[in-house]
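Protein chains: 2
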Amino acid sequence: MKKIINDPNLVVQDMLKGLVSAYPNSFKQVPNTTVIVRKDAPATGKVGLVSGGGSGHEPAHAGYVGKGMLDAAVCGEVFTSPTPDQVYEAIKAVDGGAGVFLIIKNYTGDVMNFEMAAELAQADGIEVEQVIVNDDVAVEDSSFTTGRRGIAGTIFVHKIAGAKAEAGGSLQDVKTIAEKVVANVRSMGMALSPCTVPAAGKPSFELADNEMEVGMGIHGEPGTERKAITTADEIATELTQKILDDMHLSNGDEVAVMVNGLGSTPEMELYIVNGKVNDILKEKGINIYKTFVGEYMTSLEMAGCSVTLLKLDDELKELLNAESQAPAFRN
Amino acid sequence: MKKIINDPNLVVQDMLKGLVSAYPNSFKQVPNTTVIVRKDAPATGKVGLVSGGGSGHEPAHAGYVGKGMLDAAVCGEVFTSPTPDQVYEAIKAVDGGAGVFLIIKNYTGDVMNFEMAAELAQADGIEVEQVIVNDDVAVEDSSFTTGRRGIAGTIFVHKIAGAKAEAGGSLQDVKTIAEKVVANVRSMGMALSPCTVPAAGKPSFELADNEMEVGMGIHGEPGTERKAITTADEIATELTQKILDDMHLSNGDEVAVMVNGLGSTPEMELYIVNGKVNDILKEKGINIYKTFVGEYMTSLEMAGCSVTLLKLDDELKELLNAESQAPAFRN
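Line order of the protein sequences matches chains X and W. Under UniProt numbering, the first sequence has 191 at position 191, and the numbering climbs by one with no breaks. Under UniProt numbering, the second sequence has 132 at position 132, and the numbering climbs by one with no breaks.
By construction, these hints were calculated from the structure, which means they are not laboratory data. Think of the CB as a built atom: it goes at the ideal place given N, C-alpha and C, for glycine as much as any other residue. Among the hints, a few may not be true.
When the alpha-carbon atoms are kept at most 16 Å apart in a straight line, the in silico EDC-like pairs for lysine to aspartate or glutamate are as follows [stated by the list, open to error]:
no.	chain 1	residue 1	chain 2	residue 2
1	W	LYS2	X	ASP173
2	W	LYS2	X	ASP245
3	X	LYS17	W	ASP233
4	X	LYS17	W	ASP7
5	X	LYS2	W	GLU234
6	X	LYS2	W	ASP233
What follows is a set of in silico ranges between Cβ atoms, one per label pair, in the way DEER data are often shown [said to hold, decoys possible]:
no.	chain 1	residue 1	chain 2	residue 2	range
7	X	GLY201	W	ASP173	24 to 32 Å
8	W	GLU140	X	ARG330	43 to 51 Å
9	W	THR231	X	PRO203	19 to 27 Å
10	X	GLN172	W	ASN210	52 to 60 Å
Work out the full structure: start from the sequences and follow the hints.
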């Protein structure tokens with residue numbers, strides 16, 4: 001295992017220290033937790049937004065904490081759901097009296113622990129609502145999931161629900177818009193290589209030198225097919241077509257595109273994929289309103305990428321364009 | 001070689017297509033070149049800023065094209081200096097009558113080809129000035145360099161010189177401030193693994209399973225020492241100390257810090273390094289004004305990182321904070 005770390009069992013703790021010291025005017029860590037919140041939290045009268053999950057997907061989710069996006073990120077151990085008490089601390093830290101909204105990626109552990117935390121907070125009199133993100137069209141049910149997995153499309157939920165809350169939306173407004181994003185966002189990924197969880201010390205699976213896995217999850221969960229590596233154009237076509245099969249976009253529809261790197265894929269390759277995604281959408285008469293290329297939801301040092309499409313309307317466009325001061329999503 | 005590409009010989013061309021299609025309102029490609037310029041170039045009366053070099057260092061340099069930073073980036077073949085005629089095309093494309101300023105990383109090929117291009121443009125009556133960035137304290141002279149190499153510190157030159165030009169600075173003003181940044185910026189890197197140039201098809205060097213190389217260049221040029229991997233804290237200490245030995249910072253001085261990933265290092269690890277860099281500087285009474293953690297100057301999928309320190313004064317702080325609309329550096 002080649003990693004720039006100290007103790008494999010302290011990577012999350014060490015990372016949080018480095019995060020807070022990088023953005024001391026924006027972030028604070030709730031004492032004795034793995035929760036990162038905005039420095040000025042809670043914001044009185046604003047709905048508080050909380051997301052999180054296992055670590056190892058950076059910049060998700062702490063990189064999305066900031067004005068216009070999340071109020072808190074709960075950072076679990078690597079690829080491990082945060083415990084209910086940690087999520088509960090996050091909810092309490094961002095409760096400004098207008099309720100707290102949870103954005104949960106659809107993994108069984110995350111859903112269970114966030115919901116338990118919500119119950120604890122509700123018992124304290126804090127109003128809590130939630131959305132479950134399940135944008136990955138690759139597989140129904142998976143190693144850690146009932147239903148579809150939540151992957152990079154989650155970033156669009158953070159951005160748009162965050163903008164709604166920042167604009168003074170009520171808890172119900174935020175829930176409604178978050179559900180609208182979830183209904184209109186689809187993703188699919190592929191991997192060329194595995195990654196190594198520090199505490200495990202070895203890769204969670206193996207791929208042969210000429211192999212890739214299509215539909216791979218962000219924790220290395222199996223995808224739909226393992227086969228010989230094809231070209232960037234074929235990969236882009238396969239991912240985009242699978243998404244389009246599920247979205248029923250029509251000529252003239254507008255979308256946001258995200259081409260997301262899983263960790264060790266050079267930005268050069270992500271742009272090559274984007275060129276083909278662009279061609280495919282243009283051929284179908286689908287208008288690309290905005291494109292995001294980079295590392296938004298990673299899987300440690302896994303090589304591979306995902307493609308996300310979000311169908312837009314005027315309301316979603318306005319919220320997508322709103323100001324964000326989160327370090328990993330500046331608008 | 002596991003890469004998401006089409007033809008290994010067309011990676012730069014394919015990347016440029018994907019770049020321009022990602023930012024159609026910000027970027028255009030000068031026809032029949034590998035030059036990316038701002039959509040609105042040339043800006044009449046503004047000094048035009050041009051940088052570039054071999055590709056494979058994305059987001060450098062095209063990601064820094066935008067209001068407040070570069071006007072053009074010349075994208076050579078992977079790890080290969082762009083030819084003089086390409087640089088010449090970039091100069092002509094951004095000449096708005098106030099002269100053109102070249103930001104060159106100190107590699108023999110880059111310096112030669114940018115200077116030849118400057119002569120061609122000067123023969124056309126375009127005023128051209130330049131700065132050579134040599135921030136890497138690791139080694140004097142190297143495989144492709146006489147003197148010190150230019151690495152991630154170059155991004156601060158783009159940012160600060162770009163802000164000066166945007167604010168209406170003359171060609172001489174831009175040169176003066178760029179030279180001030182170069183005089184005050186130092187970097188050093190290390191690598192855990194090599195990378196593979198697509199057209200070569202195999203890694204340019206090898207490191208054993210337990211080995212790292214300290215002082216490694218961004219093209220895999222040899223560093224100062226090859227040894228067993230140490231901890232993140234020890235790596236951060238070694239890089240930072242080597243930089244500090246060369247900078248003579250005093251108690252109370254202010255710096256900007258950049259912890260840069262070389263391609264496949266998880267953001268988690270960069271934050272772990274940042275935590276220690278922060279500790280070291282605080283212990284010495286050096287104030288950290290602003291921190292940048294992420295991938296700014298990569299080396300394809302090389303694993304490793306670099307640390308950069310920029311000593312600041314009020315003038316540099318103001319320019320560092322100025323607006324930037326470049327995709328890879330939003331301010």
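Okay, the hints, checked on the actual structure:
{"no.": "1", "hint": "W/LYS2 x X/ASP173", "verdict": "violated (45 Å)"}
{"no.": "2", "hint": "W/LYS2 x X/ASP245", "verdict": "violated (28 Å)"}
{"no.": "3", "hint": "X/LYS17 x W/ASP233", "verdict": "holds (13 Å)"}
{"no.": "4", "hint": "X/LYS17 x W/ASP7", "verdict": "violated (43 Å)"}
{"no.": "5", "hint": "X/LYS2 x W/GLU234", "verdict": "holds (15 Å)"}
{"no.": "6", "hint": "X/LYS2 x W/ASP233", "verdict": "holds (15 Å)"}
{"no.": "7", "hint": "X/GLY201 x W/ASP173: 24 to 32 Å", "verdict": "violated (54 Å)"}
{"no.": "8", "hint": "W/GLU140 x X/ARG330: 43 to 51 Å", "verdict": "violated (37 Å)"}
{"no.": "9", "hint": "W/THR231 x X/PRO203: 19 to 27 Å", "verdict": "holds (21 Å)"}
{"no.": "10", "hint": "X/GLN172 x W/ASN210: 52 to 60 Å", "verdict": "holds (56 Å)"}
Of the numbered hints given earlier, the model fails hints 1, 2, 4, 7 and 8; all others are met.
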